[in-house]
Amino acid sequence: MSDSIIRIDGLSKTFAGGFQALRQVDLSIQRGEIFALLGPNGAGKTTLISAVCGLVSPSQGTVWVDGFDNVKAYRPARERIGLVPQELTNEAFETVWNTVSFSRGLFGKPPNPTHIERVLKSLTLWEKRNNRLITLSGGMKRRVLIAKALSHEPRILFLDEPTAGVDVALRREMWDVVRELRDHGVTIILTTHYIEEAEEMADRIGVINHGEIVLVEEKHALIEKLGRKQLTVQLFEPLQTLPPGLATFALTQNDAGDELIYSYESATQKAGDGGISALLGALNKAGVGVKDLHTRQSSLEDIFVDLVKERA
Amino acid sequence: MNVYPVRAIYMAEMMRTRRTLLQSVVSPVISTSLYFVVFGAAIGSRIDEIGGVSYGAFIVPGLIMLMLLTQSVSNASFGIFFPKFSGSIYELLSAPISFLEIVIGYVGAAATKSVVLGLIILATARLFVPMEVAHPAWMLLFLLLTAVTFSMLGFIIGIWADGFDQLQLVPLLVITPLTFLGGSFYSIDMLPPFWQGVTLFNPVVYLVSGFRWSFYGISDVSMGASLAMVLLFLFVCLAVIAWIFRTGYRLKP
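The listed protein sequences correspond, in order, to chains A and B.
Read in order, the letters of the first sequence are residues 1 to 312 in full-length UniProt numbering.
Read in order, the letters of the second sequence are residues 1 to 253 in full-length UniProt numbering.
Treat the hints as calculated values from the structure; they're not laboratory data.
Take these hints with a grain of salt, some might be off.
[As the list claims (entries may be wrong)] Under 8 Å between C-beta atoms, here's a sample of chain A residues computed to sit facing chain B:
#1 Arg7
#2 Phe15
#3 Gly18
#4 Gly54
#5 Leu83
#6 Thr89
#7 Phe93
[As the list claims (entries may be wrong)] Listed next, the in silico BS3-like pairs over lysine-lysine satisfying Cα-Cα at most 30 Å (straight line):
#8 A/Lys141 <-> B/Lys252
#9 A/Lys121 <-> A/Lys141
#10 A/Lys72 <-> B/Lys84
From the three backbone atoms N, C-alpha and C, an ideal C-beta is built for every residue, glycine too.
Can you build the whole structure from these sequences, using the hints too?
This is the structure in structure tokens:
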């Protein structure tokens, strides 16, 4: 908690129409981490980011960016932040080079062609630097938005669904860019629908739903804590009824009767009914022939769906 | 005050002007020249002198004002409306800059363009009508103050407008009538007494009158009143813009 670069205290936002997009959000982002904010459509992800970046005036609460109140001390707070918005918006008739240089100036930095060149090259935009934005593909436009956000060397980067509508190759490339930024000490907050993305990238994950932060957890701990494991035991012969020795285990059978499915909490493997080894021992004792075994760990996606459903 | 954001906005806006040179410079110059040809050279020769100035020369300051007001408003309103419309205004709102820096950038660029246009039209006018400028320094001051003030008005309209139709509405329904009825083409003492009184509520009267004084030393209202009106209007616009950025009106939900 000591080294949080962003601290959000009791942030609420009610829009003019009465819709409450954020409810008392408290959140703290650690310096140098990649934080993924997950949530279904309309959960408040973009509103939260917008409130931190100054695009939305919060109804209540405070945001501290590196120790600066983002309203009262908006200059030092905002100059630390780069924002890549969700929508592909830009000045259609500008060239790539001009629009990225413009962003740097807008954020109060003196011109630095070397830095702009480095950013454009890292995003493979260098070849396109003299192209007008209107001539670029969607993926290229997305990169330009990232380049603009990086033009003023921010310490915090917000990526609002950075890989929506981006092909797989480009997505991988962007992940590499994000990792490289993190290696240079940039703190990254991304929102995403792609659970795969959060699983791949994030150090910590926050889940937001109906404007409330439902959960914030270190990624592995989250999977560990909430992840269920399943062991599927394939049998040589279908079982009509379960042998009495197996009654203590939480088992389900498939319709054909030739598979036993054993669910267990990965964190509490050794507790309760004795876990996998006890089950295998019992199977052996009951004379059930085991053909094959395989285990499956629930993904972040399963966890996410469970969470959102549970609180809906 | 940080100079880099101001410069970035100013340069980007000037670049936009350069990209649309035909529409933003050539077309107003041509349309104003047509006024000179029709009212100055063709009809003007049949109209009596006003205050010792030939009609053709008399309307030059008014026409420059007409163009200055419409161009300042439309240019500045489009400059801020377009990013709002396309969504790229997110960058402006998330940047570490004050409203004053934003205004100086946008309004400065729009006003620069208007002043340059005004001078081009003045030079063009001299091709059609012989005339001298009696007080060039006052003339420039009026040109500048009016361009800045009405660019600010345009900026406000650009933020207020929800669509392209509203963007056109104010210039069409407010600015053009006020200018035509503001003494661009006549001296207000040519009006019946009642309308002379009414017309004093039109701020454009003071602009045109003051501007014309700087050319020929004749005016409908006193120079002091003209200057006071421009400055008053300027500070009202500035106050409105400050309020817009403080409350986020039509900018931030």
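Hint by hint, here is what the structure shows:
no., hint, in the structure
1, Arg7, "19 Å, violated"
2, Phe15, "6 Å, holds"
3, Gly18, "12 Å, violated"
4, Gly54, "5 Å, holds"
5, Leu83, "5 Å, holds"
6, Thr89, "3 Å, holds"
7, Phe93, "6 Å, holds"
8, A/Lys141 <-> B/Lys252, "24 Å, holds"
9, A/Lys121 <-> A/Lys141, "15 Å, holds"
10, A/Lys72 <-> B/Lys84, "24 Å, holds"
In summary, the numbered hints that this structure violates are 1 and 3.
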